[in-house]
Amino acid sequence: MSAVFTSIPARAAPLRMLGARPWIRTRLFPDWTNGAATVLIAALLAWFLPQLLDWALFNAVFSNDNAACRAVAHDAARPGACWGVITEKYRVILFGRFPHADHWRPLLASLILVLMLVASCRPRCWRRWLAPAWIAAFAAFFLLMRGGVAGLTYVETARWGGLPLTLLLATLGIAAAFPIAVLAALGRLSPLPAVRAACIGYIELVRGVPLISVLFMASFMFPLFLPPGMTPDVLLRVLAGITLFAAAYLAEVVRGGLQAIPVGQIEAAKSLGLGYWQTQRRIALPQALRHVVPAIMNSFISTFKDTSLVTVVSLYELTGALGLALRGDTDWRPFYFEAYLFIAIIYWTGCYAMSSYSHWVERRLAVSNQTTGNAR
Amino acid sequence: MSDAADQPIIQFDKVNKWYGQFHALRDIDLSVARGERIVICGPSGSGKSTLIRCVNWLEEHQQGRLIVDGVELSDDPKAIEAARRTVGMVFQQFNLFPHLSVLENLTLAPTWVNKLPLNEARERAMAQLERVRIADQAHKYPLQLSGGQQQRVAIARALCLTPKIMLLDEPTSALDPEMIKEVLDVMIELAGQGITMLCVTHEMGFARSIADRIVFMDQGQIVEQNAPGEFFANPANERTREFLSKILNH
Ligand SMILES: Nc1ncnc2c1ncn2[C@@H]1O[C@H](COP(=O)(O)OP(=O)(O)OP(=O)(O)O)[C@@H](O)[C@H]1O
Ligand SMILES: [Mg+2]
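So the sequences go chain by chain: A and B.
Reading the first sequence from the start, the letters are residues 17 to 392 in this note's numbering.
Reading the second sequence from the start, the letters are residues 4 to 253 in this note's numbering.
Derived from the structure by calculation, the hints contain no laboratory data.
Computed from a prediction, not measured in an experiment: that's the story for all the values here.
There is no bait here: all hints are sound.
In silico lysine-lysine, DSSO-like type, Cα no more than 27 Å apart, as pairs:
| # | chain 1 | residue 1 | chain 2 | residue 2 |
| --- | --- | --- | --- | --- |
| 1 | B | K143 | A | K286 |
| 2 | B | K184 | B | K167 |
| 3 | B | K81 | B | K17 |
| 4 | B | K118 | A | K286 |
| 5 | A | K286 | B | K167 |
Can you make the complete structure from the sequences, with help from the hints?
Quick look at the structure:
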C-alpha cells in the first residue's frame, strides 16, 4: 500500500485564552494546593495590609510636632507612624554636617551625579564624550562640595555627609573598581607566574578580611606609615579601601566569566594573529562580561550598600548622618525606626533601579546576540 | 626562480612533542613545498591535529627545528607573530566569534592586526564572502547560520589575512552529510588557487582529487607519504593498509 503524499499548508497557531476567568483559573487555582496557597496569601494580606495602612498613613503624624508624635506612638489602640521626624531632620539626614546655609551645594552635587548615572544607562549616551563628561561631573561635584573658589566657602571633607557622600563613594568606588577587577582577573589567569601570584595574593588577602577592618586600616593604620603632613585626605583613603575591596570580589566574578569561554575562541584569535591584549579586549572580555552581567550587578549593589560602613571611621554618609541627626536629640530619638525606613527607601530605590537595569541589559544582550534560534 | 621560492615553505626537522609524559609527535621529518597540497590522515589520536597546530604555534614542540616561511619557530614572540600572519587556520568546530556579526568576524584581524582601514577591510571581507558564496549573510550572527555556512565563513575569515599557508583540521567532521559538499566545493576551489594547504581529513575522495601528497600518521609518527594514486593503489605499510581498508570499505 502506498500512501499518497499531500503537502499540508501552514495554519495559524491556536488563539491564546484571553480574559480574566481563564487567567484566574489557570494562574491562581490550577489545583487544590495552589488554590489553598492563593487563599492563605490573600487572607494574610487582608489581615496585614489594613494595619499597615493605618499605621503608615491614617494614624500617622506628618508635621514636625513632637508632642503629637509621642501621643500616636504611645497610643496602643491606634498606633501611628511619626513621619514628623523626617520633616524635622531630613536636611541633616541628607546632608550630614555640611553647613546649613549652603545645603544647595550638596543638593546640586547629588543631582549632578544622579543625572550622570541615569544618562550613562542609556545606550544613546554611550559615546566618546561620556568619559570626559564623567570627569567634568566629578570635578563639578568636588568644586561644589569643597568650595574655596568662586565665592564658595571652604568645607573640609570631614564635614561632607549624607546622600552626596553615599553617591560619591558608590559611583567612584564602582567606577575605579571595575578596571582594577578586570586586570586582576586577567592577571589571575595569566601564564606569567609572578603576575599570577601577585593577583592571587591581592584577591585572597582582601577577600579574607571584613570591609570594616579594611576601612579601619585605611583610616587609622595607613597614616602611621607616612610622614606627618603627607597623609592623603581621609575621604581618599576610605575611597581607596572601598575600591580595592570591591575590586577583589568583582575580579572573581570576571574570572568566572573568562573561564567559561571555550578555548577554541582563544585559539581562533591567536591563529588570526591577535596579540594577548587584543584577544582579551576583542574576544575574551566582551563574551565573558556578557555571561556575568547579573553577578556584576550583584557586586555593584553590594558596594552601594557597603558604603554605609564608612560611619565607623567617622564619615557620615546616609546611615551615619541619621545617627548624627537623632543620637543627641532626646525629643526625636524615639523615632529611629521611621527615620531608618526613610533611608531604607532611598537605598532600596537605588538597588532596585540597578537590578532592573541589569535585567534590561540581559534582555538586550539576548536579543542582539541572537544566540537562540536558527534563522535558516 | 629565486632562491626563496625553491626553499620548502614548511620544514619539520626531527620535531618531537610531549604532552606531559605522553610522546605525541616522534621525530617528525616533513618538508612542504610552496603551493603544495597535503592531506594528513590516520587513526584517532595519532597526532594529526598536534602536527598541524605546531605550524602556527598553537602547540609548541620541545625538540627539533620547525621552520615556517623562512622563520624558525622558537619561543620568540616576534617569530610566532610572523608565522601566524602567514598561516590561516580552519577548525573542526568553526570557532567563529559569536558576539560579532559575520562581517565583523572577517574584518577583526585585518583592522587590528594588519591595521587596514575599516572600509578596505570590509571590501576585502565582502570579496572573500563572495568567494565562499555567502555574501548575503554578512550581517547575520554566526549562530544564525547552518554548520556548513559557518564553516565557509571560517574559511573566508582565514583568507582575509591573505595567508600563504592554510591549515584545515577536519573541517567537515562536525557537519551534517548534506552540508559537507558545500564546504568541500569551497576547499576544492581554494586548492586550485596555488595556496599551500595542510588538511587533516578523512574525505578520501577529496584527498584523491586535490592532494599532491598524502601523509599517513600513526602513534605520533609519519608512517608513509605518497602521491594519492600510489598511496591508495600500493600502500607500503601494513598499518596503512589496515587503516585504508577500514575507511574505504563501508
Ligand atoms: N592538550 C593535551 N593534553 C594531553 N594530551 C593531549 C592533548 N592534546 C592531545 N593529546 C593527546 O595527544 C594525542 C594526539 O592528539 P591529536 O589531537 O593530535 O590526535 P588526532 O590525530 O588529531 O586525533 P583525532 O582524529 O581524534 O582528532 C592523543 O592521544 C591525545 O590524547
Ligand atoms: Mg584531531
